[in-house]
Amino acid sequence: MMTGGGLSAAGHVDIRHGHATWAPGAANPAGLAMFKTCQMQIGSMTKAQQRPLVQEFRLLATPVVVFLLVFLGFPAIVNLIYSVSEVSFETLRQPELSGFKNFAAVWSDGAFWQASWFSFRFGLLTAVLECALGLFLAIFLSPLIERRSWLMAILMLPLMVAPALVGLMYRLVLHEFVGPVPYYLWTYFGASLSFLGPGSAFWTLVVVETLQWTPFALLLFYMAYQAIPSEIAEASAMDGARSHHRLWYIELPLMLPTIVVALLIRFIDGFRVFDNVYVLTGSGPGGSTASLSIYIYEAFFKQGAIGKAVAASVILFVVSFAVLYGLNFIASRRKGANR
Amino acid sequence: MAPISLKKAGKQYGNLEIIRELDLDIADGEFVVIVGPSGCGKSTLLRMIAGLEETTSGQILIDGRDVTAASPVERKLAMVFQSYALYPHMTVRRNMGFGLTLAKLPAERIREKVEAAAETLKLTHLLERYPKELSGGQRQRVAIGRAIVREPVGFLFDEPLSNLDAALRVDMRLEIARLHRTLGATMIYVTHDQVEAMTLADRIVVMKEGRIMQQGTPQALYETPANLFVAQFIGSPKMNLLPCLPGAGGLDLSGEGSIQLPLSGRAAPAHLGARPEHLSLVSPDSGHCRGTIEVSEYLGGTTSVFVRAGKLGLINVSAPADTPYRLGETVGIHIDVARSSLFDDAGKAIAASR
Amino acid sequence: MTTLRWLVFGIAAFAMNFPILVTLSTSFKSARELSTNPGLWVQAPTLDNYLAVFQVTDRLNIFLYLFNSLSVALIGTVLAVALALPAAYAIARGRLGERTLLPFIVNLRAVPLIIFAIPLYMMFQWLALLDTRLGLGLILSIVNLPLALVILVNAIRDLPGELDEAALMDGASRTQILFRVIAPVCRPAIVTSLIFGFITAWNEFLFGLMLTTSKAVPITVGASFFFAASGGGVQWGVASAVMVVGALPPVLLGLIMYRQISGSMTAGAVKG
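First to last, the protein sequences are chains A, B and C.
In terms of the numbering used here, the numbers along the first sequence are unbroken and rise by one, the last being 339.
In terms of the numbering used here, the numbers along the second sequence are unbroken and rise by one, the last being 354.
In terms of the numbering used here, the numbers along the third sequence are unbroken and rise by one, the last being 272.
Okay, chain A solo, but in the shape it has when bound (with noise of 0.2 angstroms):
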């Protein structure tokens, strides 16, 4: 099955509709044969009947592929090319090769690691954190938002903003004089907390992400929670299980799919944080608080070191990529066993 939006995508069509719809492994043999006539008429195009739907369809297809292979294909190959030339904002156009300089250069920035580390702490711990929260509160408030859907919309509310201004946002929220957060814990506790310094602006970056995309998993949960059949409920409730009986031996091993879709879609966006920590935090105190995503921005913006920002772009390109399909790979392995 396909990762990110893709495997979000299958593990609630599953839910909803109880069938696949992704791959064609999926599919009834019939439609596996089907399609694998199509493969073959595709391949070798000997019927006359054919030709004109399959290119109809290619003709279909073109723009998006064209449209690709120009916005992405082309950059993939100038960072391929950068990643192994010596190049500067002077001599833009006239890389020189250099062998595999530039990835030694990130390979051996301590920075680079030190990103990497932050990357995958910040999507871990706030993918754990959101959805944990999420399924608490999906479960807890769904007997008061089945019959209020509205409630849901005020709990939706943070997902609608960017996640830039909501850093910006708290950027006068933690304010030490202007800040509500700071003025209050001074009111009623008679002290506060350096939120964006060293040692803290790390926890302070994953209360605040966890906070916004809470609602996220909130949502996936809940819409989960609801598919599960009300008959599911009645049989076991006749078969005497109590509420949290029916919580953990049927509830949430039905959410389960749900629960690691989400998981992984959290830890994906957390990985590749850049908009609330940039403007929250810049990378600093003292480049602690850079993402991948960051780093490579400020290489290549801030200290102009072109080659180096796209040798970790190519890495992170091979690594996403590998991850990703690696993934896909598993998944549609599995959804063959279960078949």
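These are computed hints drawn from the structure, not numbers from a lab.
Beta carbons are placed, not taken as given, at the ideal position from N, Cα and C, and that holds for glycine.
The reader is advised that the hints may include incorrect statements.
[Said to hold, decoys possible] Simulated restraints, written as ranges between beta carbons of each label pair:
(1) B:Ala70 / A:Tyr249: 57 to 63 angstroms
(2) A:Ala235 / B:Glu294: 33 to 39 angstroms
(3) A:Tyr249 / C:Ala228: 51 to 57 angstroms
(4) B:Pro88 / A:Gly287: 56 to 62 angstroms
[As the list claims (entries may be wrong)] Sample of chain C residues at the chain A side, in silico, Cβ under 8 angstroms:
(5) Trp6
(6) Leu7
(7) Val22
(8) Phe54
(9) Leu101
Knowing the structure of chain A, use the given hints to seat chains B and C on it.
Structure of chains B and C alone, referenced to chain A:
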């Protein structure tokens, strides 16, 4: 209107043979019903004729023209789908006129044709409605109307009645029969329901596993099935099959009785096929065999009596409804031999010398 | 129990919306009140900050930022759907690229887009697309593409194939089927991808930051200018008003259409 012929037409998905090279000639104006159990390839065959599925071998001819490689619209056929497949965003009028619009007919002509078709199908008052505002039967009529409007050379029906409830199905069946009479068009109709096949068809084609098992008039199929499959598929309730062997002077009914019948040296019969309505209950001493009544189902007009007859198994006899039948009673069964069929070991019918 | 649920809801809603509430309240505070009252409650509400925001200066022009955001969001959304719809049809019905194109585009949703940003920056420099609304719009359509494709492929797959076949029998070409049958029937899905794409594009920050400098700056980037603007420190009231104005279009759109959006969240699961 046009004749439609299939010449060794076949379809394969890779190594899988969906339709084995089959020949079928459909005359101009004929109503042919293709019937068979699900998965027998009847819908695929219809879609091959429509041009929606590729024909991988052989030829399809419409009006003598080879259309094997032609697109659906070039074949000038119309199709009525199981799900009706009405365009949900168009009114009935636009649904029916869509094909003509695509063919760039003048708006005035389209209006005339649509309204004429709507008139035939009593749809005039529904022309401005959307499909979701119609009942199942009305949608079905719109789907048929959409087919009529284009004045096709032939109509294809893919299980058109299977989404309707039982009462409506009978009405629509009559309507389709009427339509065939008035239009005189070539029609090919696919169904799994043998009652629809019997009532509608000029000719029935029975299919199994991508092959034609038998074709002929409903009466021919009913009276002289070519094989066990057709014998069991056509007719309701199902034909009884009595295992038998050639015996002295005729047939030995597995030791449960015998039938005097000259067997003229052809293949040895293995089954006697007798329809419930060709069996009658007689006193235990007369009749061809005997057994005890196990179940009786009162059906109003008749009663289905199930008789346990030793090695012959459970035999369904269609008996008059006005006599009481006691369970456990021993009865004799008389077989109307002249209207029975004999089948050999391989299930093929043996032409009886009666 | 119900009381407890309401309490939990109240706390969660308050905490998650806290920065929005603070910004909203600050935007109605005068500069004087701000220095004495950092709390949530506004003592003397004023619209001065909003008036100040809409004062165009050489350095700060909120109308330009809003117009830029609107333009790039529209380009990025309409283009993405226009590209995705035919492709979705080819994938769903022609079964073309089901194992290549579809997973690749879907994976784009999960890739850190920064990896393409640097060569795109150079490319845009050569093509003179840097700091143009068209340039930023083009890139935002890539950002929107995965979700639009997923939503549309799912929508088309949910339609019965007999609909296409009926149109084929009626003499329609695949292109005609797409535009005259599939597209109208899929209108809800198309609208959803448009709304979602608009919100995503409006809220995008990274490419706006990298690919624009003055003429095409979107509001997400422009808003941060207000934080560094005046010499005498940040004017918090004005900055808050800017953020309220900048957040309003997607929030309103989201609230009006939140049913559709919650549906596509689960369909495509993309950052808003």
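Okay, the hints, checked on the actual structure:
| no. | hint | result |
| --- | --- | --- |
| 1 | B:Ala70 / A:Tyr249: 57 to 63 angstroms | holds, 59 angstroms |
| 2 | A:Ala235 / B:Glu294: 33 to 39 angstroms | holds, 38 angstroms |
| 3 | A:Tyr249 / C:Ala228: 51 to 57 angstroms | holds, 56 angstroms |
| 4 | B:Pro88 / A:Gly287: 56 to 62 angstroms | holds, 58 angstroms |
| 5 | Trp6 | holds, 7 angstroms |
| 6 | Leu7 | violated, 11 angstroms |
| 7 | Val22 | holds, 5 angstroms |
| 8 | Phe54 | violated, 18 angstroms |
| 9 | Leu101 | holds, 7 angstroms |
Hint compliance for this structure: hints 6, 8 are not met, and every other hint is.
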